[in-house]
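Once you've looked at the hints, dock chain B against the given chain A.
In order, the protein sequences belong to chains A and B.
Under the working numbering, think of the first position of the first sequence as 556, with each following residue one higher.
Under the working numbering, think of the first position of the second sequence as 50, with each following residue one higher.
Read the hints as simulated data drawn from the structure, not as lab findings.
All residues carry an ideal CB built from backbone N, CA and C; glycine is no exception.
Treat the hints with care, since some could be wrong.
Straight-line distance between alpha carbons at most 27 Å, and here's what the computed DSSO-like set of lysine-lysine pairs gives [stated by the list, open to error]:
| no. | chain 1 | residue 1 | chain 2 | residue 2 |
| --- | --- | --- | --- | --- |
| 1 | A | LYS860 | A | LYS777 |
| 2 | A | LYS580 | A | LYS860 |
| 3 | B | LYS142 | A | LYS988 |
| 4 | A | LYS860 | A | LYS752 |
| 5 | A | LYS1074 | A | LYS654 |
| 6 | A | LYS1058 | B | LYS142 |
| 7 | A | LYS827 | B | LYS142 |
| 8 | A | LYS827 | B | LYS65 |
| 9 | A | LYS1074 | B | LYS142 |
| 10 | A | LYS860 | B | LYS111 |
| 11 | A | LYS654 | B | LYS105 |
| 12 | A | LYS936 | A | LYS580 |
| 13 | A | LYS777 | A | LYS752 |
| 14 | A | LYS1020 | A | LYS654 |
| 15 | A | LYS1074 | B | LYS136 |
| 16 | A | LYS752 | B | LYS111 |
| 17 | A | LYS654 | B | LYS75 |
| 18 | B | LYS136 | A | LYS827 |
| 19 | A | LYS1058 | A | LYS827 |
| 20 | A | LYS860 | B | LYS105 |
| 21 | B | LYS65 | B | LYS136 |
| 22 | A | LYS777 | B | LYS111 |
One side only, chain A facing chain B, incomplete, derived with CB under 8 Å [stated by the list, open to error]:
| no. | residue |
| --- | --- |
| 23 | MET629 |
| 24 | LEU635 |
| 25 | ILE639 |
| 26 | LEU643 |
| 27 | ASP763 |
| 28 | THR766 |
| 29 | LEU780 |
| 30 | GLN781 |
| 31 | PRO796 |
| 32 | VAL807 |
| 33 | ARG830 |
| 34 | THR1068 |
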Amino acid sequence: MSIALSMFVGFVALTLLITFWAARKNTGASAYFAAGRSITGWQNGLAVAGDYMSAASFLGISGAICLNGYDGFMYSVGFLVAYITVLLIVAEPLRNAGKYTMADLLAYRLSPRPVRAMASLSTLTVSTFYMIAQMVGAGVIIEKLIGASFHTAVIGVGVLMLVYVVFGGMLATTWVQIIKAILLMVGALMLSVLVLKYHGYSLGAFFDAITAATYAGTEAPKNLLQPGLQYGVAVKGPWGPTDFLSLSLALVLGTAGLPHILVRFYTVPDAKTARSSVVWAMAIIGLFYILTTFFGFGAATILEKSQILSDGKPNPNMVAPALAQHLGGELFFAFISAVAFATILAVVAGLTMSASASFAHDFYTNVIHHGRETKPGQEVKVARITAFVVGAVSIGIAIYLGPSVNAAFLVGLAFAVAASANLPVIVLSVFWKRFNTTGAVAGLSVGLLSSIVLILLSPNGVFGKAGAVFPLENPGIVSIPLGFLAAWLGTVITARDAAGEAKFAELTVRAHTGLGAEKAVSH
Amino acid sequence: MSDPKTPVNWDALEAKPEFRQLLSRKARFIMSATVFFMAYYLALPVLVGWFPELMKTQVLGKVNLAYVFALSQFVMAWVIAFIYVRKAASWDKEAATVIQDQH
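Bound-form chain A, shown alone (with noise of 0.2 Å):
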């Protein structure tokens, strides 16, 4: 057995082990779809950031920094800056406000059968897209590690997020993305000084390296600090710096909206708990994003392009594997690829919990039974079913798309949806006393179709380069405020809802107070 193989059953067997206990501990769905409510701040930070540093972020933007320098590390800034929008605006009136779902604050005043409706259909979208980026990544990735298929690896990654989610709910959710969070910090520390060491720890040294690159994916050298790499005019053409910005503001404006981060407030027992794991998500996800700067530009002075090829193409994934092999040989190679596929897991096994969460509680519950429980238990045994399908559905498509589907693409696309879509109608239900029903409605549905029907006609979309007829990959700049706008149109243009607007002082207070918001269970 290689040491790569032995460190992801080591890693398997703990976190089966915690399933085992949480199993144990999950009564009620309190407990299943928010961990009791009884996670502290650090805890939480740490799963926030463990839940929202993706294999796209740690091996996604070392490739693209390593291959399109300055241009990949934006994908860093906005990770981070995006937190400032969760702190300020969503975190705490959604703890205060809601019980499991993005959609319980939206529905405290508004019709609740429609918006949840929408709102779980964007829920289910944004994640399904997340997820089958991450399970693509997943096999490519395993393939490459530890030389199991591409089909086998992404079963064997769906089934193992499933046991976690099945049976340990939120509470085992939890503790694999805190696991996750160290493991990835760990690893990103000791990648970090592995190669400033290879610079002699020099900083000044390791910059001077930076700006004359030898550059993994071509020959001559290359100032890797420079912008425009990737979206720079003289690359992408007149549209590229709008592409950017666009791209920049679906960075800042998704992470606000998008529903496995937002659950996570509701883990923890009040809304001063949810601020505090904000700051300490901000400062791991700060830290780490800073890190990239080393094993991201770094591994574009250190690797050769032979090392990151797979099929004859430089390989962005593989950067920060190959680059451990090459700085710390096959015992470090082994642990951070045991990282990725833990950061994998743990994501995935996050938007699982949101997305049968958001079925079961919103959909099933409030959509179809009028918020009643047919049976008590009946909605934690209904999103025990939802994972088991949103898991076999996401397997399927996954292997369906197979290895070389593009997943940059899914996460953008699941990104701009969160943006467009649930950001507007989540800021405009807690601080628009007039926004109505038919309003929210309208907001959910047009930035949710504007947002794929702009990505399908995007030069990654239907009609490929050559056939774009919208020029940006990044749908946002448009997206964004079309969202925003049809959530305000729809809603001047209809009339007042009086009984909405009558619970809007409720919802003031309950958010702005936390009189009144769900309490954590006593174990």
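Here is chain B on its own, set in the frame of chain A:
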């Protein structure tokens, strides 16, 4: 937690002058912080996209303005978070006095 037998009068709470003041202070901070951070953040892709030559200026050894500005975004985010958390701690106290009769 409020007694379920005596329902909370949400409208009365919302109309309290203390609550209104708290809300307007909070809203003013959140609005100005949001406008500031969005402007500061979006300045990065705008400057990098449309003024690449300016951003290529080397300011610290070989390190250029583009990278320094990108790094300053991390500091900006942490500073805003720090200010917000300090302000929120005093808002917590005010919110507690607004709802003190409800416990």
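Flag every earlier hint the structure violates by its number, smallest first.
Violated hints: 2, 11, 14; rest satisfied.
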